[in-house]
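Going line by line, the protein sequences match chains R and F.
All letters in the first sequence, in the order written, are residues 11 to 124 by the working numbering.
All letters in the second sequence, in the order written, are residues 3 to 121 by the working numbering.
Since the hints were derived computationally from the structure, they do not count as laboratory data.
Please read all numbers here as calculations on a predicted model, not as lab measurements.
Just to be clear, a hint being listed does not mean it is correct.
Simulated crosslink set (SDA-like; lysine to any residue; CA at most 20 Å straight-line) [unchecked claim]:
id, chain 1, residue 1, chain 2, residue 2
1, F, K70, R, L56
2, F, K26, R, N110
3, R, K71, R, V91
4, R, K59, F, H31
5, R, K59, F, F98
6, F, K26, R, Q52
7, R, K71, F, Q82
8, R, K59, F, S107
9, R, K121, F, G44
10, R, K71, F, Y111
11, R, K59, F, R24
12, R, K121, F, M41
13, F, K26, F, I7
14, R, K59, F, S100
15, R, K59, F, Y111
16, R, K59, F, K70
17, F, K26, R, L56
18, R, K121, R, Q16
19, R, K71, R, Q52
20, R, K71, R, H92
21, F, K26, F, L47
22, F, K26, R, K59
23, R, K59, F, E109
24, R, K59, F, G5
Partial chain F-side listing against chain R, Cβ under 7 Å, derived [to be verified]:
id, residue
25, G44
26, L45
27, L47
28, Y50
29, G113
30, G115
Calculated from the model, a selection of chain R residues having no Cβ within reach of chain F, i.e. all distances over 10 Å [stated by the list, open to error]:
id, residue
31, A11
32, T15
33, T22
34, E25
35, S36
36, V67
37, Q68
38, K71
39, R79
40, N85
By construction, the Cβ of each residue, glycine as well, lies at the ideal position given by its N, Cα and C atoms.
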Amino acid sequence: AQSVTQPDIHITVSEGASLELRCNYSYGATPYLFWYVQSPGQGLQLLLKYFSGDTLVQGIKGFEAEFKRSQSSFNLRKPSVHWSDAAEYFCASRFTGGGNKLTFGTGTQLKVEL
Amino acid sequence: DAGVIQSPRHEVTEMGQEVTLRCKPISGHNSLFWYRQTMMRGLELLIYFNNNVPIDDSGMPEDRFSAKMPNASFSTLKIQPSEPRDSAVYFCASSFVSRGLRGPSYEQYFGPGTRLTVT
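Take these sequences, add in the hints, and give me the full structure.
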């Protein structure tokens with residue numbers, strides 16, 4: 011079955027440190043890829059998306075993600091984390107033949123230490 | 003842009019009662035999705051509509067759940083009768099599947115959710 015894997019359930023980083031959240035997808039063909047962020051008590055907000063073209067995509071709030079076909083990965087990065095980045099992050103993909111729906115990973119909870 | 007609007011934001015009800023959750027998608031969007039989020043099962047897609055027509059309801063847990071989209075600007079998710087295990091946050095999301103110069107886009111925009119507690 012097509013799936014999106016986020017291997018890290020929890021990550022803790024210090025404020026100002028760099029961040030990388032991992033995401034792998036199971037399907038061989040190039041899907042549509044997304045990262046969302048969910049703050050406590052809120053809905054999911056789109057951070058960035060990849061469809062095709064440049065494999066390094068920029069998003070809001072200083073985040074970026076890089077698509078690596080050879081590794082079936084779409085990792086999210088930020089050079090310097092702020093305390094306000096503490097939230098849950100979801101990777102998602104639309105797979106070929108999947109209609110309009112997205113498949114979400116199980117999420118990574120980010121804690122930022124001051 | 004008002005974004006996706008959901009009501010109510012919080013609902014507390016007793017087991018056996020009927021619950022109706024409401025969603026107004028972003029104007030012009032042609033797909034609507036209902037999700038449920040719990041600590042145990044994470045984010046689950048319940049059902050989605052394209053152009054007001056249900057396309058995939060394989061995530062609807064059982065016959066107690068039903069969803070309708072009578073027009074492009076309104077959808078409901080109904081639980082009858084409700085049970086304590088239905089307690090969760092229910093999200094509505096919408097998207098506009100456009101075919102731009104770079105191909106279709108499928109990003110979804112989420113509402114703030116309805117926190118349902120069934121006692």
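How the hints compare with the structure:
Among the hinted pairs, K70(F) with L56(R) is inconsistent with the structure: their alpha-carbon atoms are about 26 Å apart, more than 20 Å. For a cut-off of 20 Å, the pair hint linking K26(F) to N110(R) stands: about 18 Å separates their Cα positions. For the hint linking K71(R) to V91(R), the alpha-carbon distance of about 10 Å falls within 20 Å, and the restraint holds. For the given pair, K59(R) sits about 18 Å from H31(F) by alpha-carbon distance, which is consistent with the 20 Å threshold.
Among the hinted pairs, K59(R) with F98(F) is consistent with the structure: their alpha-carbon atoms are about 15 Å apart, no more than 20 Å. Distance restraint check for K26(F) and Q52(R): the Cα-Cα separation of roughly 17 Å lies within the 20 Å cut-off, and the hinted pair is therefore satisfied. For the given pair, K71(R) sits about 41 Å from Q82(F) by alpha-carbon distance, which is inconsistent with the 20 Å threshold. Of the supplied pair hints, the one linking K59(R) and S107(F) holds, its CA atoms being roughly 9 Å apart against a limit of 20 Å.
This hinted pair checks out: K121(R) and G44(F) have alpha carbons roughly 18 Å apart, not beyond 20 Å. Restraint check: the Cα-Cα separation between K71(R) and Y111(F) comes to about 17 Å, which is no more than 20 Å; the hinted pair holds. Under the criterion of a C-alpha separation no larger than 20 Å, the hint pairing K59(R) with R24(F) is inconsistent with the structure, at around 28 Å. Annotation: proposed proximity of K121(R) to M41(F) holds, straight-line Cα distance about 17 Å (limit 20 Å).
As the CA atoms of K26(F) and I7(F) are separated by approximately 5 Å, the hinted pair is consistent with the 20 Å bound. For the given pair, K59(R) sits about 15 Å from S100(F) by alpha-carbon distance, which is consistent with the 20 Å threshold. Proximity of K59(R) to Y111(F) is assessed by CA-CA distance (about 13 Å); at most 20 Å being required, the pair is judged to hold. A C-alpha spacing of about 29 Å is found between K59(R) and K70(F), which places the hinted pair above 20 Å, so the restraint is violated.
A threshold of 20 Å between alpha carbons decides the hint, and for K26(F) with L56(R) the separation of about 19 Å falls inside it, so the pair holds. Under the criterion of a C-alpha separation no larger than 20 Å, the hint pairing K121(R) with Q16(R) is consistent with the structure, at around 16 Å. A hinted pair counts as satisfied when its Cα atoms are at most 20 Å apart, and K71(R) with Q52(R) qualifies at roughly 17 Å. For the given pair, K71(R) sits about 10 Å from H92(R) by alpha-carbon distance, which is consistent with the 20 Å threshold.
Pair hint K26(F) plus L47(F) holds up; C-alpha atoms about 18 Å apart against a cutoff of 20 Å. About 24 Å separates the Cα atoms of K26(F) and K59(R), which puts this hinted pair outside 20 Å; it is violated. In summary, the hint linking K59(R) to E109(F) is supported, as the alpha carbons are separated by about 8 Å, within the 20 Å threshold. Of the pairs offered as hints, the one joining K59(R) and G5(F) holds, with about 19 Å between alpha carbons and a cut-off of 20 Å not exceeded.
Restraint check, G44(F) versus chain R: the minimum CB separation of about 5 Å is within 7 Å; hint holds. Satisfaction of the interface hint for L45(F) is found here, the shortest Cβ-Cβ separation to chain R being roughly 5 Å, below the 7 Å cut-off. Given the 7 Å rule on beta carbons, the hint for L47(F) holds: about 6 Å separates it from the nearest Cβ of chain R. For Y50(F), the interface hint holds, since its Cβ comes within 7 Å of a Cβ in chain R; the closest pair sits about 6 Å apart.
Because the closest C-beta pair between G113(F) and chain R is about 5 Å apart, less than 7 Å, the hint holds. The beta carbon of G115(F) is positioned within 7 Å of a beta carbon in chain R (closest approach about 5 Å), and the interface hint is therefore held. The claim that A11(R) lies off the interface holds: its Cβ sits roughly 12 Å from the closest Cβ of chain F, which is beyond the 10 Å cut-off. Under the 10 Å C-beta cut-off, the non-interface status given to T15(R) relative to chain F holds; the minimum distance is some 13 Å.
With a least beta-carbon separation of about 19 Å from chain F, T22(R) lies farther than 10 Å from that chain, consistent with its non-interface assignment. With a minimum CB-CB distance of about 27 Å to chain F, E25(R) clears the 10 Å threshold, and the non-interface call stands. The claim that S36(R) is not at the interface with chain F holds, since no C-beta of that chain comes within 10 Å of its own (minimum 17 Å). Consistency note on V67(R): stated as away from chain F, and its beta-carbon is indeed over 10 Å from all of that chain's, at 12 Å minimum.
Once the 10 Å rule is applied to beta carbons, Q68(R) is consistent with being away from chain F; the minimum gap is 15 Å. Its beta-carbon lying about 16 Å from the closest one in chain F, K71(R) satisfies the requirement of being farther than 10 Å from that chain. The claim that R79(R) is not at the interface with chain F holds, since no C-beta of that chain comes within 10 Å of its own (minimum 17 Å). Its beta-carbon lying about 19 Å from the closest one in chain F, N85(R) satisfies the requirement of being farther than 10 Å from that chain.
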